[in-house]
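> Line by line, the protein sequences give chains A and B. Numbering-wise, the first sequence is residues 1 to 582 according to our numbering. Numbering-wise, the second sequence is residues 1 to 119 according to our numbering.
By construction, these hints were calculated from the structure, which means they are not laboratory data. No residue lacks a Cβ here, since even glycine has one placed at the ideal position from N, Cα and C. Any given hint could turn out to be false.
Chain B side only, calculated, beta carbon under 7 Å to chain A, not exhaustive [claimed, not checked]: (1) D24; (2) L61; (3) M65.
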Amino acid sequence: MRLATSAYLPANQIFLTMPEAHSLSSAETLPTSSTTVSQLDLNSLLETSKILNASDELEFILSHIIRTVMGKFLLTRACVITESYQDNLEKVYRVALARGLRDLPKDFFDLDEFAKQFHLTLFPIISPKREIGYLGLGEKPSKAPFSDAEHKFIESLASLAATAIENAYTFAELRQQSRMLDQSVQKLRTLLELAKEYNVAMSRTEILRLMLRSISGQMFIKSCAAYLWQGESLVAEACQGFETAPASPQELQQLFASLQPVKLTAQTYPELYAADVRLAIPMRVNEQPIGLLLTSARYSETPFSESDIDFMALAAAQAANALEQRRLFEETLKKQAIEKELQVAREIQSALLPRYLPVIGGYDIAAINLPTFQVGGDYYDAMMLDDEHLFIAIADVTGKGMPAALLMANLQASIKAYLLSYQPATFDLSRFVGKINTIMYENTPEDKFVTFFCGILNCRTGVLESVNAGHNPPYLVRADGSLIALRKGGVILGVIPTLSPYQIERVILQSGDTLFLYTDGITEAMNAQREPFEETRLEALLIAHRSDSAQETLHAVVEAVQHFQPEGEQYDDITAVCLKAK
Amino acid sequence: MATFTSTVRTVGAVTVIDLSGDLDAHTSVQLERTIQDLIQKKHFNLIINFSNLNYISSAGLGVFMAFIDDVRANGGDIKFSNMPEKIYQIFDLLGFPMLYEIYKDEREAIEKFKTSATT
Numbered sequence: 001m002r003l004a005t006s007a008y009l010p011a012n013q014i015f016l017t018m019p020e021a022h023s024l025s026s027a028e029t030l031p032t033s034s035t036t037v038s039q040l041d042l043n044s045l046l047e048t049s050k051i052l053n054a055s056d057e058l059e060f061i062l063s064h065i066i067r068t069v070m071g072k073f074l075l076t077r078a079c080v081i082t083e084s085y086q087d088n089l090e091k092v093y094r095v096a097l098a099r100g101l102r103d104l105p106k107d108f109f110d111l112d113e114f115a116k117q118f119h120l121t122l123f124p125i126i127s128p129k130r131e132i133g134y135l136g137l138g139e140k141p142s143k144a145p146f147s148d149a150e151h152k153f154i155e156s157l158a159s160l161a162a163t164a165i166e167n168a169y170t171f172a173e174l175r176q177q178s179r180m181l182d183q184s185v186q187k188l189r190t191l192l193e194l195a196k197e198y199n200v201a202m203s204r205t206e207i208l209r210l211m212l213r214s215i216s217g218q219m220f221i222k223s224c225a226a227y228l229w230q231g232e233s234l235v236a237e238a239c240q241g242f243e244t245a246p247a248s249p250q251e252l253q254q255l256f257a258s259l260q261p262v263k264l265t266a267q268t269y270p271e272l273y274a275a276d277v278r279l280a281i282p283m284r285v286n287e288q289p290i291g292l293l294l295t296s297a298r299y300s301e302t303p304f305s306e307s308d309i310d311f312m313a314l315a316a317a318q319a320a321n322a323l324e325q326r327r328l329f330e331e332t333l334k335k336q337a338i339e340k341e342l343q344v345a346r347e348i349q350s351a352l353l354p355r356y357l358p359v360i361g362g363y364d365i366a367a368i369n370l371p372t373f374q375v376g377g378d379y380y381d382a383m384m385l386d387d388e389h390l391f392i393a394i395a396d397v398t399g400k401g402m403p404a405a406l407l408m409a410n411l412q413a414s415i416k417a418y419l420l421s422y423q424p425a426t427f428d429l430s431r432f433v434g435k436i437n438t439i440m441y442e443n444t445p446e447d448k449f450v451t452f453f454c455g456i457l458n459c460r461t462g463v464l465e466s467v468n469a470g471h472n473p474p475y476l477v478r479a480d481g482s483l484i485a486l487r488k489g490g491v492i493l494g495v496i497p498t499l500s501p502y503q504i505e506r507v508i509l510q511s512g513d514t515l516f517l518y519t520d521g522i523t524e525a526m527n528a529q530r531e532p533f534e535e536t537r538l539e540a541l542l543i544a545h546r547s548d549s550a551q552e553t554l555h556a557v558v559e560a561v562q563h564f565q566p567e568g569e570q571y572d573d574i575t576a577v578c579l580k581a582k
Numbered sequence: 001m002a003t004f005t006s007t008v009r010t011v012g013a014v015t016v017i018d019l020s021g022d023l024d025a026h027t028s029v030q031l032e033r034t035i036q037d038l039i040q041k042k043h044f045n046l047i048i049n050f051s052n053l054n055y056i057s058s059a060g061l062g063v064f065m066a067f068i069d070d071v072r073a074n075g076g077d078i079k080f081s082n083m084p085e086k087i088y089q090i091f092d093l094l095g096f097p098m099l100y101e102i103y104k105d106e107r108e109a110i111e112k113f114k115t116s117a118t119t
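Looking at chain A on its own, in the form it has when it is part of the complex (with noise of 0.2 Å):
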């Protein structure tokens, strides 16, 4: 492309040229003749061309021209100026280069008036495909004007500049363009690696350290931070460059509610501009804002391109999308610990409570416990002390969960211990549950009690003693569908230190009655309008099925429940004991 360029470009000339080529004159002397041009201005032109069109460095090009013009004219002062047009179509003249002038403008628009002010003859360059430039030169030792033949070799020589200018800036566009891309493919791979680089195991700070790392470098930054969203306010949670994160809580606010890159300026954020803040970008979420990168300006002071916001913006994204990887895998952790945390208090639980329930003659029993997901406290018990005693119990310990499980656990150890010793001559079961009680108040924190409601059936008299303690009264039901609640004894357990003794109530099973203890989650269960299921349905259900066997009849209450609640919703446990005498 080169040489066939060099090949027909002087042809050209010496073809313009050819028919003053007779009148040569002295090497020494400029062209006398207006109409002539001498061999040394052929061979000089030849050699331009030769040298031109062997280089693509515009300045070598331009300095090159300009030394050739003042070498033969003896001239002082001289320069290229070439033109464009703005972005108004406005045509833009600047001084590509110059020697011997002096405070030249560095763009002016009026071409004839910056030719008078530094005296200077301009001569067009155009190349075949455009209109480059002048070439301005100043006036002769002699003070003549330039003659036709100067004229034409000056033009010749422009001529051959324009060519050599074009390729000249064909050349570096193509440079330039040929560096964006490999900028850009460098943007890339430092994208790519970053999304192979976040992890899970990434604390929060490394995550951010390596997005203000790799900007930085690929941006060749000075400073950056990042800021994240933390309950009220945006904190510099990575820093870089700066001394400190800069801080303007308003002008945080008032960037971090912007969904786009901001470029700042004094005028805008003067409190962060003053901190060398240039730029902001959203980090964001799934269209949700977490938080803000600040960068200052570039070392090079280069301004940032479309290009480069952008890709900060997807550096900023994807560090984001970590954090929130992190964020839910964090989540999930928490969750299986919870989980894993209430498999064990359902263990505890489901081991305190009876596995099976004793056989006792003439009388039929039957319990139920179903747990809601979340573990609560209920407890019921049924075991005979000896051969004709039973002890039945329930218990509801407040909270849920491990702690709720472990009240439990503290309870059926206690009432366990005491009834080992049982003697039915000396027991007292006002004691006994005094003794709980000072038991569970002495071992139990302030905000945590237990309702409890226990009774000793002599299985051969039918005599049952009980005492309530603050538990939901249970219900004899007789045969003939009269109902009495038992809520006889005292307070809760574990509230206050035993003053007065707990009462004791004593009823009379007799062949026909079902009694019937229960904890809240059977009358406190909630139907889609939040209505409760209450006593009055439990003990309508009870008078129906006095007759039925204690399954049956346990069967018909948590079936009514749980018809009654919406289903799949069961907000507390259910548990409950009937015992029925034959």
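Dock chain B against chain A, hints included.
Using the frame of chain A, we list chain B on its own:
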């Protein structure tokens, strides 16, 4: 992937860090710690010798950005030497030669520290 290592050695008043392997997002943390450590021990005349480095990513470049101001504020400098061509291209592409002195040879860089110390 080549394992990344950064070894520190002292040449007179200058500390040279020899890099080898790949300096990427993952390994840049390691280099950051090394330089942090040197700065804490008041080593401010640092030369990074790249002769055995295979690859550098933006995160790797970011490590140098993080310390240059600090080091210069303490009268020191971070100079680069022995860069393989492909490593230099990346530095050049992102504009680093503007801010950092890059020498062909480690000795040249050491000399530069000496002359700047005496003037």
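> Does the closest beta carbon of chain A sit nearer than 7 Å to the beta carbon of B:M65?
This interface hint holds because 4 Å falls under the 7 Å limit.
> Classify the hint on B:L61 as holds or violated, based on whether any CB of chain A lies nearer than 7 Å to its CB.
3 Å, holds
> Min Cβ distance, B:D24 to chain A: is it shorter than 7 Å?
Cβ of B:D24 sits 6 Å from chain A, so the hint holds.
No hint from the list above goes unmet by this structure.
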